[in-house]
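Student: Sequence:
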Amino acid sequence: MNGLMFYQIEKDLECIKGRPGWFFSSLIKMLIILLLVTFLAVATAYQWKRCQKLPKGPTPIPIIGNFHQFIYHGLKLGSAVAVYHHFEKTYGKVFTLWMGPLPTVYIADYDVAHESHIKRSKIFSKRFATGTMNYIREGRGIITSNGEFWQEHRRFALTTLRNFGLGRNVMEEKIMEEYRYRIADFKKTNFKNGAIEVHAGSFFDLLVGSIINQLLISERFEQDDKEFDQIKTALAESLENFGIVDIFFPTAFLDSPLMSWRQKKIFKPFDFVYEVSKRNIAKRVAQVESGDHVIEDGGNDFVDAYILKIQKDKRDGVKSTFDYETMAIDIFDLWQAGQETTSTTLSWAFSCLLNYPNVVKKLRSELMKLTGGNRSIGLNDRPDTPYLNATCNEVQRIASILNVNLFRHIEEDTVIAGQPLSAGTAVTTQMSMLHTDEKVFKNSTEFDPERFIVNNNLEKTLIPFGIGKRSCLGESLARAELYLILSNLILDFDIEPVGSPPQIKTLNPFGLLRRPPVYNIRFKPNMLFILIITAILAVLTVNLWRDRQRLPKGPTPLPLIGNLHQLVYKCWKTGGTVAGFNEFRKEFGKVFTVWMGPIPTVHIADFDVAHETHIKRANTFGVRYSNGGMNYIREGRGIIASNGDFWQEHRRFALTTLRNFGLGRNIMEEKIMEEYRYRFQDYKKTNFKNGRIEVHASSCFDLLVGSIINTLLVSERFEQDNEEFEELKVNLAKSLEKVSIIDAFTPLWLLKSDMWKWRTKTIFAPFDFVYGLVKRGIQRRVAAIESGKHVPSEEGDDYVDAFLIRMEKDKREGIDSTFTHETLAIDLYDLWLAGQETTSTTLTWACACLLNHPEVVEELRRELIGVTGGTRGISLTDKPNTPYLNATINEIQRIASILNTNLFRILEEDTVIDGQPVSAGTVVTAQMSLLHTNEAVFKNHEEFNPGRFLENNNLEKTLMAFGIGKRSCLGESLARAELYLITGNLVLDFNLEPSGPMPAIKTHTPFGLMKRPPNYHIRFSFWFLNTWRAISKLPKGIPLIELLPIPLPLVGNFLQIGYYAWKNGGLVGGLNEIKMKYGKVFTLWMGPIPTVHVADYDVAYETHIKRAHKEGGMDYIREGR
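So in the working numbering, spot 945 of the sequence shown is number 945, and the numbers just go up one at a time.
Keep in mind the hints are simulated off the structure, nothing from the lab. By construction, the Cβ of each residue, glycine as well, lies at the ideal position given by its N, Cα and C atoms. Warning: the hint list may mix true and false statements.
Stated by the list, open to error - Derived Cβ-Cβ restraints for the label pairs, each shown as a range: (1) Gly424 to Gly499: 42 to 52 Å; (2) Gly424 to Thr90: 20 to 30 Å; (3) Lys278 to Gln720: 37 to 47 Å; (4) Gly378 to Asn953: 53 to 63 Å; (5) Lys89 to Ile33: 32 to 42 Å; (6) Gly1058 to Glu724: 49 to 59 Å; (7) Thr159 to Lys573: 55 to 65 Å; (8) Thr762 to Ser471: 38 to 48 Å.
As the list claims (entries may be wrong) - In silico PhoX-like pairs for lysine-lysine, Cα to Cα no more than 20 Å straight-line: (9) Lys757 to Lys187; (10) Lys89 to Lys76; (11) Lys469 to Lys119.
Work the whole structure out from these sequences, hints included.
Tutor: Shown next as structure tokens:
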């Protein structure tokens, strides 16, 4: 036996020696098989061991897990959700599926989900971020991050979006504005056979995408936006191809060449969306750095707020997770979550409604009953729309847009529904199973909103936004969009499918996202709605008739458009707004009503009535009517448009502050005269030609007046070469020429809508520019104070300093203050516009009038020379001695009347105006332009005639150039000082000549809100040179010395004294002639020294005897008398 063994061994050794390669290859194969068997045995043992600490589920195979069972049952049952239900029936409401080597636990019961995700939220709050989830994010963003990073970024996103209206009324306004814009836009492009025909998915993508995009980057998507179309097409393909298996691929495998085909198909669109986010951020950062975009206190959108956060963390030296890279990922997450989910849900909603017309009928019945068909549905209607609420719930249940919910990662060992669970296990509450659970939702495949009305408890089992700490942060926005868009489309339109109705069936039953069917829909204006509109017009007509009984007489209005058609006709016929209103005054009396659309406005065209109402009953008439135009920038703030405590506090502060800086005191005169001298010295250097200064009139006064008010506000003067100021003035002039009374009554929502962008851009863009300038000025000052470059004095050096000091004071005292950087910008905006534009415009009118009336200039100069002796400028203390100058300024203001239509007030209570009843809430104005052109008061009112104010002293009281009552101009004293000093000194210092054609005393904006002056150039020449030219043309024989009524510099009156002494044979005779010419007290300049000569005994006795203590000493002389 042993011999045979040895023989066999010898034979085998010979074989091995003959074929060694075969031996080693067989050995390697055996080893590989052995290793595989060992690995599978270990993997099976390990998997079996892990299964003991997991809920029950189908038996997995090592490595591939339950994939084979999942695919088999999927092919058999037709969808991923059906497969999950199969496993639920077999293994219970909590079961495990192994996705390859990874166990995943599915919760298919609401009570278990509530117990785990709500009551034990800390254990179940960590996101399980797979390779797919982290393909772009790399653990960042709001969806896949964890720990402090996630908490910080989620908190920041929630706070920021709430600041921009999330969960508040302002969000409703934004949704409805976009809804109206989108409907109006599609009416232009997709209106066929009396209906709007659209692709449902594209329509809701544009609508919802624009809402979230405006929150994020303040931009709307348009139909012709190729980039948006590219995103949506690619994203749709990706989401349809994205399978459940794709979720669990590790990152290394996704990045390998082996998976490049899959990666390209699924992830390329996400790369594109991410790149678009980064480009938008880079664009905004560049705009901020260049100054083209100014970030307000809290920013205009999410990107602004994020940039501010980055800057703040940088200033504070904080090690921050906020940078431009994470901003791009956060926006990527917010945009996808905020756009794709809601748009998909709305597409599902209308596929259901098209298949269930009975639901649409019930919905419309409820909505019509609630609104009467005369308004849109609002979020505050929710308590009164049970069927609509139930429909929205059922839409979300049917949609259940995730076939597989996102997974959580258990932080520690725990128990779910009595079954053990190891730390690190991936868990999800499977909403698609909860929403199709036959035990809870009977006949779950049917669309039946009634189920939520029959059983109130059903709603709590609905979790379309997830559950627990990781639920969707945009839930309130999505609910608002679904409620408002669905209801208002049903209210406004009949809906029809284009072609056959879409099936309520997903396109990708095995995809991650449950995509809705593709279909086109037709929105047809609701015929019932049209009938209701007709009924509404009838009701409005009745109401209009009833309301007119409590209003002064006026032209008969039409519903909605009021008297706009008559006003436009009258203005066109008579050549201007003022002439048009004068026609109404002649026809209906001194108090009449004009309906501006649906708003009645009462116009007072009589001073006594205006005085009775606005002065004697100031409290009733003291509230500003802040319409859309007034509130375009202000939003109820500022000094002009605000009301109540805010207005009183800010007006009081402005008055006190400006008085502290000299308003109404001598120091103000010094500032005006300093700027006057500087401006003309500057023009002498740049605009001096042939002995004259030649300038564009309005540019000259814009610089002069603008610098006076700007010095008060921000301690800065404007210069001729200031390009920003030039751009501002050119744009502002264009705007003020085009803005009309109709613009004043356009509602704010319409002004800010894209539908009205063509008009808003023309009119309000310059005001935005002014507001931007103001904000940049404030930012510079705040930065200068923080850096120590500017240290304000105790009360501040200007208005901005004083405001910032007030802010700090309120902050220290813990006062809930209305004084903020934002309100400072609006207050400055108001003060600058009111303080610059009005006075500059009036001065331009003044010179136009004076150029046309040289006789007025001559009379003015005679008076002013008499007062000043030609040796000094005119001062405010001269007012009592310049009746003709005062009368001229009054006449200038009357002719200028710079507002064709005055600002409006709104009545606080029911009252009576000139014996006619007027209801509380009525809009009223004392129409300055009508008062100033009233022929019964100002005869030949079109003529420029200062003499009228000298002939009738009572005329001045009927002049209300600065308004009347509580809301009169707070800068009145400054404006009066500027008009008096600048007009007086211009006439005293210069001869005025037109440079080019003589300007007509006629506005070039007769239909505008503001009465703009003529556009002309003016020449200022030194008047005494012209006097010599006039003298040279006089007949011979007249002694030239007698034509010189003033002293000469340095020489004084020596020449005249010598001449009169020679003429009368002695000094006494000469002085007597001077006495006869100039009176018993006269001044003679002895060189540069003025000497007063008393040539009357009574005056001499009064001065030298009775007031000997003054005239006898040197103190009186030292005082400059």
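Student: Could you run down the list of hints and mark each one as holding or not?
Tutor: Right, here's what the structure says about each hint:
A hinted range of 42 to 52 Å holds for the C-beta pair Gly424 and Gly499, which are about 51 Å apart. For the pair Gly424 and Thr90, the beta carbons lie near 25 Å from each other, so the given range of 20 to 30 Å is met. For Lys278 paired with Gln720, a C-beta distance near 43 Å keeps the hint of 37 to 47 Å intact. Between Gly378 and Asn953 the C-beta distance comes to about 58 Å, which sits within the given range of 53 to 63 Å.
The hinted range of 32 to 42 Å is satisfied by Lys89 and Ile33, whose Cβ atoms lie roughly 39 Å apart. For the pair Gly1058 and Glu724, the supplied restraint of 49 to 59 Å holds, since their beta-carbon distance comes to about 57 Å. About 57 Å separates the C-beta atoms of Thr159 and Lys573, a value consistent with the hinted range of 55 to 65 Å. Hint check: Thr762 to Ser471, Cβ distance near 46 Å, so the stated range 38 to 48 Å holds.
For the suggested pair Lys757 and Lys187, the alpha carbons sit about 17 Å apart, so the restraint of at most 20 Å is met. Distance restraint check for Lys89 and Lys76: the Cα-Cα separation of roughly 16 Å lies within the 20 Å cut-off, and the hinted pair is therefore satisfied. Restraint check: the Cα-Cα separation between Lys469 and Lys119 comes to about 10 Å, which is no more than 20 Å; the hinted pair holds.
When the structure is compared with the earlier hints, no violation turns up for any of them.
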